[in-house]
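Residue numbers (this note's numbering), protein chains in the order written: chain A, 286 to 590; chain B, 47 to 407; chain C, 2 to 316.
Calculated directly from the structure, the hints in this document are not laboratory data.
All figures in this text were calculated on a predicted structure; none of them were measured in a lab.
For glycine and all other residues, C-beta sits at the position ideal for the given N, C-alpha and C.
Any given hint could be a false lead.
Claimed, not checked - DSS-like mimics (lysine-lysine), calculated; alpha carbons at most 30 Å apart, straight line:
hint: 1; chain 1: B; residue 1: K158; chain 2: B; residue 2: K285
hint: 2; chain 1: B; residue 1: K285; chain 2: B; residue 2: K209
hint: 3; chain 1: B; residue 1: K143; chain 2: B; residue 2: K382
hint: 4; chain 1: A; residue 1: K444; chain 2: A; residue 2: K544
hint: 5; chain 1: B; residue 1: K218; chain 2: B; residue 2: K285
hint: 6; chain 1: A; residue 1: K486; chain 2: B; residue 2: K158
hint: 7; chain 1: C; residue 1: K91; chain 2: A; residue 2: K444
hint: 8; chain 1: B; residue 1: K143; chain 2: C; residue 2: K32
hint: 9; chain 1: A; residue 1: K452; chain 2: A; residue 2: K544
hint: 10; chain 1: A; residue 1: K486; chain 2: B; residue 2: K209
hint: 11; chain 1: A; residue 1: K486; chain 2: B; residue 2: K143
hint: 12; chain 1: B; residue 1: K143; chain 2: B; residue 2: K158
hint: 13; chain 1: C; residue 1: K32; chain 2: A; residue 2: K486
hint: 14; chain 1: C; residue 1: K202; chain 2: A; residue 2: K486
hint: 15; chain 1: A; residue 1: K486; chain 2: B; residue 2: K218
hint: 16; chain 1: A; residue 1: K544; chain 2: C; residue 2: K91
Unchecked claim - Which bits of chain A does chain C cover? Going by a derived footprint, with three or more residues having C-beta under 8 Å, they are:
hint: 17; region: 299 to 305
hint: 18; region: 428 to 437
Claimed, not checked - Anything over 12 Å on all C-beta distances counts as not near chain A; from chain B, calculated:
hint: 19; residue: K143
hint: 20; residue: G153
hint: 21; residue: E214
hint: 22; residue: R279
hint: 23; residue: G346
hint: 24; residue: L362
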Amino acid sequence: MAGYLVRRILWLIPVLFVVTIITFTLMHLVPGGPWSSDKQVYGGVERAIAAKYHLNEPLWQQYGRWVFDFMRGDFGPSFKYADRSINQIIAEGLPATLQLGVMAFVLAIAVGIPLGIIAALGHNRWPDYLATGISMLGIATPSFVLAILLIVVFSVWLKALPPLGWKGPDTWVMPVLALAGYQIAQIARYTRASMLEVTRKDYVRTAHSKGLRERAVVVRHMIRNALIPVVTILGPILAFLVTGSFIIEAFFGIPGIGKYYVQGIVQRDYSLIMAMTVIYAFAVAALNVVVDVLYGYIDPRIRYS
Amino acid sequence: MDQASVAAGAAVEISLDGQLATEAAEREVKRAKAENLLEVRNLSTQFFTADGVVHAVDNVSFEIGYGETLGLVGESGCGKSVTALSLTRLVPDPPGKIVAGEILFEGVDLLKLSTDEIRRLRGKDIGFIFQDPLSSLNPTLTIGYQVSESIRQHMGLSPRAAKDRVVELLSKVGIPRPRDRLNDYPFQFSGGMRQRAMIAIALACDPKLLLADEPTTALDVTIQAQILELIHRLSEEFKTAVLLITHDLGIAAGMCDRINVMYAGRIVETGSTDQMFDNPRMPYTWGLLDSLPRLDDQRGGRLRTIEGLPPLLIRLPDACRFNPRCSYTRDLCREKEPELTEREEGHWARCHGTEPAGWIP
Amino acid sequence: MTSRTTAVAPGSVEARRSTGIWRDAFGRLIKNRLAILGLLFVGFLVVLGILGPRFAPWPFDLQDTPAIIANNYRALVPLQSPAHLLGTDKLGQDILSRIMDGAQISLSVALVVQIVVLTIGLPIGALAGWFGGRLDTYLMRFTDVMYAFPDLLLIILMSVAFRDTAFGRLYSGLFLVFVAIGLTSWVTVARLVRGQLLSLKEMEFVEAAHALGVRDRNIVVRHLLPNAIGPIIVAVTLGIPGAILAEATLAYLGVGVQPPRASWGSLIAAGQPLIREAPHLVYLPGIMIALALISFTFLGDGLRDALDPKLKGKQ
Chain A
286 MAGYLVRRIL WLIPVLFVVT IITFTLMHLV PGGPWSSDKQ VYGGVERAIA
336 AKYHLNEPLW QQYGRWVFDF MRGDFGPSFK YADRSINQII AEGLPATLQL
386 GVMAFVLAIA VGIPLGIIAA LGHNRWPDYL ATGISMLGIA TPSFVLAILL
436 IVVFSVWLKA LPPLGWKGPD TWVMPVLALA GYQIAQIARY TRASMLEVTR
486 KDYVRTAHSK GLRERAVVVR HMIRNALIPV VTILGPILAF LVTGSFIIEA
536 FFGIPGIGKY YVQGIVQRDY SLIMAMTVIY AFAVAALNVV VDVLYGYIDP
586 RIRYS
Chain B
47 MDQASVAAGA AVEISLDGQL ATEAAEREVK RAKAENLLEV RNLSTQFFTA
97 DGVVHAVDNV SFEIGYGETL GLVGESGCGK SVTALSLTRL VPDPPGKIVA
147 GEILFEGVDL LKLSTDEIRR LRGKDIGFIF QDPLSSLNPT LTIGYQVSES
197 IRQHMGLSPR AAKDRVVELL SKVGIPRPRD RLNDYPFQFS GGMRQRAMIA
247 IALACDPKLL LADEPTTALD VTIQAQILEL IHRLSEEFKT AVLLITHDLG
297 IAAGMCDRIN VMYAGRIVET GSTDQMFDNP RMPYTWGLLD SLPRLDDQRG
347 GRLRTIEGLP PLLIRLPDAC RFNPRCSYTR DLCREKEPEL TEREEGHWAR
397 CHGTEPAGWI P
Chain C
2 MTSRTTAVAP GSVEARRSTG IWRDAFGRLI KNRLAILGLL FVGFLVVLGI
52 LGPRFAPWPF DLQDTPAIIA NNYRALVPLQ SPAHLLGTDK LGQDILSRIM
102 DGAQISLSVA LVVQIVVLTI GLPIGALAGW FGGRLDTYLM RFTDVMYAFP
152 DLLLIILMSV AFRDTAFGRL YSGLFLVFVA IGLTSWVTVA RLVRGQLLSL
202 KEMEFVEAAH ALGVRDRNIV VRHLLPNAIG PIIVAVTLGI PGAILAEATL
252 AYLGVGVQPP RASWGSLIAA GQPLIREAPH LVYLPGIMIA LALISFTFLG
302 DGLRDALDPK LKGKQ
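Next comes chain A alone, as it looks inside the complex:
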């Protein structure tokens, strides 16, 4: 088990490197530079900027500089926000984004899995229809539509929740719900399908033949095995959550790092893009490792191979 864990963690490093190289290359393939989109800049100023940020050096050298700085924990200055370094931007915004993401993830699991289990156990009866109906709604509603709906209902009609900001629990409800809605539905559907499959397995029949109580059969034999495939989709779900959070942040005015990401790409703020990408890629890759470990914990066959 320890060996498995170590191997997975070690693989993170080359993966991250490749991601950064690809990003770096793509960024510089895009014609234009940090200054090109908006204002007209005079030739002299252009040269000065280029010299200051080493933009005329060969690409591999620029990349090397970036890696070097990265190793020292410095993401470099932002091209657009001249008054702040990227490290500062990240420090300001990351907590909110993390909080949003974690809460949405916990909600998705805490609601999605039981919903799927209830649906499967009440197969073809009302619990199934209810739970499946809820999942269908969740699937059908993009996060921004859900966000709109929530705001209309809770802020405009009921005037119960504030539509903007990120201070205190009543500002958390709607963004987290909007972000998690789709994932709840996906997890619920997946769990339901997995449980239904497990119900037909031979070892469930064996468990019944031992005369175990129904609850013991369901919990010890069915749920545990049904969750194995569900854990495998947690990785993509996390990735989805991270991307989705950008929109939700914009929507509800949450001071996270989301908005910087999109803007940075459009404005070609190189260091910002690189920094965001690294954070994102690291988060996804690391979380995938956690998911894999969880997988190994639940399914002993993986541990020993």
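Following the hints, complete the assembly by docking chains B and C onto the known chain A.
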């Protein structure tokens, strides 16, 4: 039988609920009166499918005496597995359903028991060995745990006592170094070892009846003999009755006191093993016997088979179900289904042709 | 094929017959009411998408300024005017026509993205699954990279990079988006194909084919892929909602489709500021998105249930 564990089990039941005590007393009375451990009368189990109603088990009757080993032999799909599943009401519902009959276990009709009552019987009085030990064992739980489950459920032992009993069981079924292997998972065992573990699970609470559904079909031939011998030895040691389901008459011959031959959901011949082999009275049985490879077969010769396929168990007409494949068939066979009639003492067969008045000598 | 309803002659006992897997699957699919509903709506979308441009009441970018002026410079609501059944937006563009146009866009998303996904995912998955070993490990690490790569980044970067090129202008900038979405979604299919091949490879009929001297390539193409095709079809169908959702989200963000063309996502974005006075601008495209997502999901579920040889307890 292990008196101590029976007493412990009974004590737990009585202390749990006064009503249980009355039931237990009632059962004792019936038990004293019952001759056979198991009496199945007119059992019919059907599956309701999109294509029609499948009569998997059609009006089947038989008995198993205390400590007796009965073989249930037949081709794939003849209904033998469904029969065994019906005995403990493990038939998946939907789409299956036991539609008629009585299953008298020590005088008590299992079909009339509540879900909770039959649950208490399973694993404790009736043990089940399934065909494929790999899929029948939970891959995410240790072998030790899975063997101990029914012990802890039915016998109320402390965790340590249960563990000791598991170790004892595992060594009885021939698993070496059982204490070390308690925390191993099924995939870490070989096929033969897994089946031994399944046997341990089935026998964990000293059941009175063991249902063994093709226990060796999924195993290598060399292991088959070991497993069969194990079952035989244990059933003798603990006086456990066994219902052995197999498609192989040879296996049945080695282990069973009596044999039922099943075809298309019906019992077509029943008798003691000697009677079956000395004087089979049904062409299907002849076919089965004939199809067993023999030591004196010529090399390069062909294996003998029964031509044709078993029938669809939907919409069966009133005719002998074996007649399309039978070489002795006559008009009578297509017009009326033969009844089970007694040919010698305890030997019954279902065939017009082999009746005393029939055309087959 | 023996018919199922012929009367049985007296004394005759029917032997079992075998049917093909596709026929069985088709039969099961037909009986699944939800899947049929999904199929119907998908069919409706297809018709809408193909006929849309021709039969829409208005060109999607035509601004009916007189009508707006007549309405006090406000957008028309649905059923307010017979000329605009579903109302208009603030500029007078007919919503019905724009939604029909959006249908075509959503369909193209579905189609193009899945083609890209299959073109990349199938070969990679097949190679990894069939050859196993080192090739498999490296390909799987490659997919790890793709997984970790922020898809939004790739899509936006590509959009911005190629926006002013011929490729980028194809189909109002949408083709670019489709390819980008496809580039970030092929991993699931690749893994699926790899998994299928890995398990099927061990099966005995492959050994048999080998023993008969069939070449590797033929084994994969003629024996393994047809068996793997079922789950692939299901995965592709179930991947469509994700693609539609991605396009809608991107359009909402302003990436991808360029005005005056509008996909349902950008319609919602455009309509959002006016939600109080003209809510139909938001809920109409929203409903269409929802219906499209649900029907593809039902269809995908139905296909999965139909192709799975072990029925899920249904009769």
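For each hint, the structure was consulted:
no.	hint	in the structure
1	K158(B) - K285(B)	holds, 27 Å
2	K285(B) - K209(B)	holds, 24 Å
3	K143(B) - K382(B)	holds, 27 Å
4	K444(A) - K544(A)	holds, 27 Å
5	K218(B) - K285(B)	holds, 15 Å
6	K486(A) - K158(B)	holds, 27 Å
7	K91(C) - K444(A)	holds, 27 Å
8	K143(B) - K32(C)	holds, 23 Å
9	K452(A) - K544(A)	holds, 18 Å
10	K486(A) - K209(B)	holds, 27 Å
11	K486(A) - K143(B)	holds, 19 Å
12	K143(B) - K158(B)	holds, 14 Å
13	K32(C) - K486(A)	holds, 25 Å
14	K202(C) - K486(A)	holds, 23 Å
15	K486(A) - K218(B)	holds, 28 Å
16	K544(A) - K91(C)	holds, 28 Å
17	299 to 305	holds (count 5)
18	428 to 437	holds (count 5)
19	K143	holds, 16 Å
20	G153	holds, 20 Å
21	E214	holds, 18 Å
22	R279	holds, 22 Å
23	G346	holds, 40 Å
24	L362	holds, 28 Å
Checked against the numbered hints listed earlier, the structure breaks none of them; every hint is satisfied.
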